[in-house]
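Trainee: Spelled out from the first residue to the last, the chains are:
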Amino acid sequence: MMPPNSDAVIEVRGLYKKFGSFEALRGVDFTVFKGDVYGFLGPNGAGKSTSLRIILDLIRADRGTVRLFGMSYQEQRSEILSRVGCIIEKPDFHGYLSAQTNLELLARVSGAKGQKVDRKRIREMIDFVGLSGREHDRVKGFSHGMKQRLGIAQALMHDPDLILLDEPTTGLDPQGIIDIRMLILKLSREMGKTVVLSSHLLNEIELIATRMLIVHKGQSVREGSVRELLHEQPLHMYLDARPLAQAEAVLRQMPGVELLDQKEGRLIIQTPRDQVPHCSRALIEAGVQLHSFEPHRALEDYFLQLVNS
Amino acid sequence: MFIAAVVNEFIKIAAKPRSYLGLAAITVLVGVIELAMYLDGESYVRLVTSGIEQSFDLQGSLLNGHLMAFIVLQLLIIHVPLLVALVTADLISGEAATGTLRMLITRPLSRTALWMAKCTAGALYTLLILVWLGMCALGISMALFGSGDLVVLNSDGILILQQGDILWRFLNGFALAYLALLTVSTLSLTLSGFSSNSLGPMVVTMALIILFTLIGTLDVQVFDPIRPFLFTTHMAAWRSFFEDPLRTNDIAASAVILLVHIFVLMGVGIWHFNRKDITI
Numbered sequence: 001m002m003p004p005n006s007d008a009v010i011e012v013r014g015l016y017k018k019f020g021s022f023e024a025l026r027g028v029d030f031t032v033f034k035g036d037v038y039g040f041l042g043p044n045g046a047g048k049s050t051s052l053r054i055i056l057d058l059i060r061a062d063r064g065t066v067r068l069f070g071m072s073y074q075e076q077r078s079e080i081l082s083r084v085g086c087i088i089e090k091p092d093f094h095g096y097l098s099a100q101t102n103l104e105l106l107a108r109v110s111g112a113k114g115q116k117v118d119r120k121r122i123r124e125m126i127d128f129v130g131l132s133g134r135e136h137d138r139v140k141g142f143s144h145g146m147k148q149r150l151g152i153a154q155a156l157m158h159d160p161d162l163i164l165l166d167e168p169t170t171g172l173d174p175q176g177i178i179d180i181r182m183l184i185l186k187l188s189r190e191m192g193k194t195v196v197l198s199s200h201l202l203n204e205i206e207l208i209a210t211r212m213l214i215v216h217k218g219q220s221v222r223e224g225s226v227r228e229l230l231h232e233q234p235l236h237m238y239l240d241a242r243p244l245a246q247a248e249a250v251l252r253q254m255p256g257v258e259l260l261d262q263k264e265g266r267l268i269i270q271t272p273r274d275q276v277p278h279c280s281r282a283l284i285e286a287g288v289q290l291h292s293f294e295p296h297r298a299l300e301d302y303f304l305q306l307v308n309s
Numbered sequence: 310m311f312i313a314a315v316v317n318e319f320i321k322i323a324a325k326p327r328s329y330l331g332l333a334a335i336t337v338l339v340g341v342i343e344l345a346m347y348l349d350g351e352s353y354v355r356l357v358t359s360g361i362e363q364s365f366d367l368q369g370s371l372l373n374g375h376l377m378a379f380i381v382l383q384l385l386i387i388h389v390p391l392l393v394a395l396v397t398a399d400l401i402s403g404e405a406a407t408g409t410l411r412m413l414i415t416r417p418l419s420r421t422a423l424w425m426a427k428c429t430a431g432a433l434y435t436l437l438i439l440v441w442l443g444m445c446a447l448g449i450s451m452a453l454f455g456s457g458d459l460v461v462l463n464s465d466g467i468l469i470l471q472q473g474d475i476l477w478r479f480l481n482g483f484a485l486a487y488l489a490l491l492t493v494s495t496l497s498l499t500l501s502g503f504s505s506n507s508l509g510p511m512v513v514t515m516a517l518i519i520l521f522t523l524i525g526t527l528d529v530q531v532f533d534p535i536r537p538f539l540f541t542t543h544m545a546a547w548r549s550f551f552e553d554p555l556r557t558n559d560i561a562a563s564a565v566i567l568l569v570h571i572f573v574l575m576g577v578g579i580w581h582f583n584r585k586d587i588t589i
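For the record, the sequence lines run as chains A and B. Its first residue numbered 1, the first sequence is counted upward by one per residue in the numbering used here. Its first residue numbered 310, the second sequence is counted upward by one per residue in the numbering used here.
It is worth saying that the hints were derived from the structure and are not from the lab. Hints are not guaranteed to be accurate.
Claimed, not checked - Pulled from the structure, derived: some chain B residues nowhere near chain A, Cβ distances all over 10 Å:
(1) L462
(2) A516
(3) D528
(4) I535
Said to hold, decoys possible - 25 Å max Cα-Cα, derived DSS-like pairs, lysine-lysine:
(5) A:K116 - B:K325
(6) A:K90 - B:K585
(7) A:K140 - B:K325
(8) B:K325 - A:K186
(9) A:K217 - B:K585
(10) B:K585 - A:K18
What the hints assert, rightly or not - Coverage of chain A stretches by chain B, computed from C-beta distances (three or more under 8 Å per stretch; other residues unrestricted):
(11) 56–62
(12) 70–84
(13) 91–104
Every residue gets a Cβ at the ideal spot worked out from N, C-alpha and C, and that includes glycine.
When you get a sec, could you build the whole thing from the sequences and use the hints?
Mentor: And the structure:
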């Protein structure tokens, strides 16, 4: 039995789950703290959804412990779930019912001790996700984006402290992706919610998450703040400059800088982060025309390095 | 919370078109039987009573509302399980198929309470179907054919029940028939928990009813020990209320066996649902 951490919203230790002969999880550990936007990153089939389903008590782990808000499902299932909102994979609704009736059905069983349907709150949520005017339409006529919005409405309807979103931007158009991203930031920064976000999209996690876990083949590979993880490794920079040969010569003189490759008229270098301003200055002072000097997707490199090792 | 969940389940049942199939089917079937008997009922009664006319002198018309209700029930009660299973087999598997079960289970409602809410909603729907059947059978029959004594032809002989001695028999018969239908409802709900499409549990429910009925009908010694314990053996037990004297021990035994089936199936259903991994 792990000691409960008072700041921890989710504490997961040693999760193990087998489906038939397939080991879906082989030891997942992580802690989500209050106010985190926690990224759950891993390739398809890494165990992200299985972990989230165990956290939501949809799946029972073969081994390991899960505590939410310091409580366990064995003791206080209703208490826990009344404080959690979620979208797992894709939000599914009764297509033959209207958006409002679907929300009413869920609202009726969302409070810890049961509650009357708060139609005002449902109206607010429908407005909040931009579905005003469509609330009386049957959900079967909704697009994927509209269902996703309705999914967010049902996840937030009971004002939960913790929100779990499993691949929330899957299938959305670019505007929809931006909207979801902004919404997550708003939930975290303005409303003080704790958000757990699973994704296989690196830039999504990099842009939104404050802390993250990388899972691979059912195991936790690395956990920490996104900033920490990015600073752990040398930075890869793409340099577009003229003349390129002169730029190369300047950079070869810089301590700690290593020339990795040359692609499509650009140099790829590896450098300690604190050397980046010195490199820029040296190049300009040497009369090199600096067209662009930008970091490569650092998290992508880091992720691939972890996964491949 | 439990009542809220039952209300939810009944709203869902009420909103599904398939829920009205059963009511529509009963209305049409009763209507067809009533119409046929209204047009040519006397010859049907003559055909049925031809075997006893040598021993009895039957005066007047035997065809009345009570007899019609009895005939309708006898003809339809074996089809009603299909109409019940059409809805109850979908209660869990239908939600698993559409993905709504996932959202429902992440609400602060225990799985046992959720299963029981579905079971209660299914039981209410089953009651609605049976009440509708009763209303159609008794109501339309009495309106078309009027009241009168009921002549029941049993394997033992002929039984004439006085007009004032009939209604309580129908009510008790319906109560016992309800237990039989509740067994079917619980069976299909339990099977529904094992599946993620509603067709499977419905087909399996009907297949089991056919199989058990076959076992009950086949005069083969090897099935003798299990025959009394099959729920299908007791599905027609409602007819026992139209005997005189009443075989109360047999009626009680049927009720107990059906109740045991219901509770065992509920236990299995809840046990499995509590351990079920929601992976879709």
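Trainee: A separate judgement is required for each hint: does it hold in the structure or not?
Mentor: Hint-by-hint comparison with the structure:
1. At the 10 Å boundary, the C-beta of B:L462 stays outside the reach of chain A, the nearest C-beta of that chain being 46 Å off.
2. The claim that B:A516 lies off the interface holds: its Cβ sits roughly 27 Å from the closest Cβ of chain A, which is beyond the 10 Å cut-off.
3. The Cβ of B:D528 sits about 44 Å from the closest Cβ of chain A, beyond the 10 Å cut-off, so the non-interface label holds.
4. Non-interface status of B:I535 relative to chain A is upheld: no Cβ of that chain comes within 10 Å, the nearest being about 34 Å off.
5. Our distance criterion of 25 Å between C-alpha atoms is met by A:K116 and B:K325, whose separation comes to about 24 Å.
6. With a CA separation close to 20 Å, the supplied pair A:K90 and B:K585 stays within the 25 Å bound.
7. About 13 Å separates the Cα atoms of A:K140 and B:K325, which keeps this hinted pair within 25 Å; it holds.
8. Between B:K325 and A:K186 the CA atoms are separated by roughly 38 Å; this puts the pair beyond 25 Å, and the hint is violated.
9. Between the alpha carbons of A:K217 and B:K585 the distance comes to roughly 24 Å, so the proposed pair stays at or under 25 Å and holds.
10. For the hint linking B:K585 to A:K18, the alpha-carbon distance of about 14 Å falls within 25 Å, and the restraint holds.
11. Residues of the segment 56–62 of chain A lying with their CB closer than 8 Å to a CB of chain B number 5, which satisfies the three-residue condition for coverage.
12. Under a criterion of three residues with beta carbons nearer than 8 Å to beta carbons of chain B, the stated coverage of the segment 70–84 of chain A is upheld, 7 such residues being counted.
13. A stretch counts as covered by a chain when three or more of its residues have a beta carbon under 8 Å from one of that chain; for the segment 91–104 of chain A and chain B the count is 8, and the coverage holds.
Consistency with the previously given hints fails for number 8 only.
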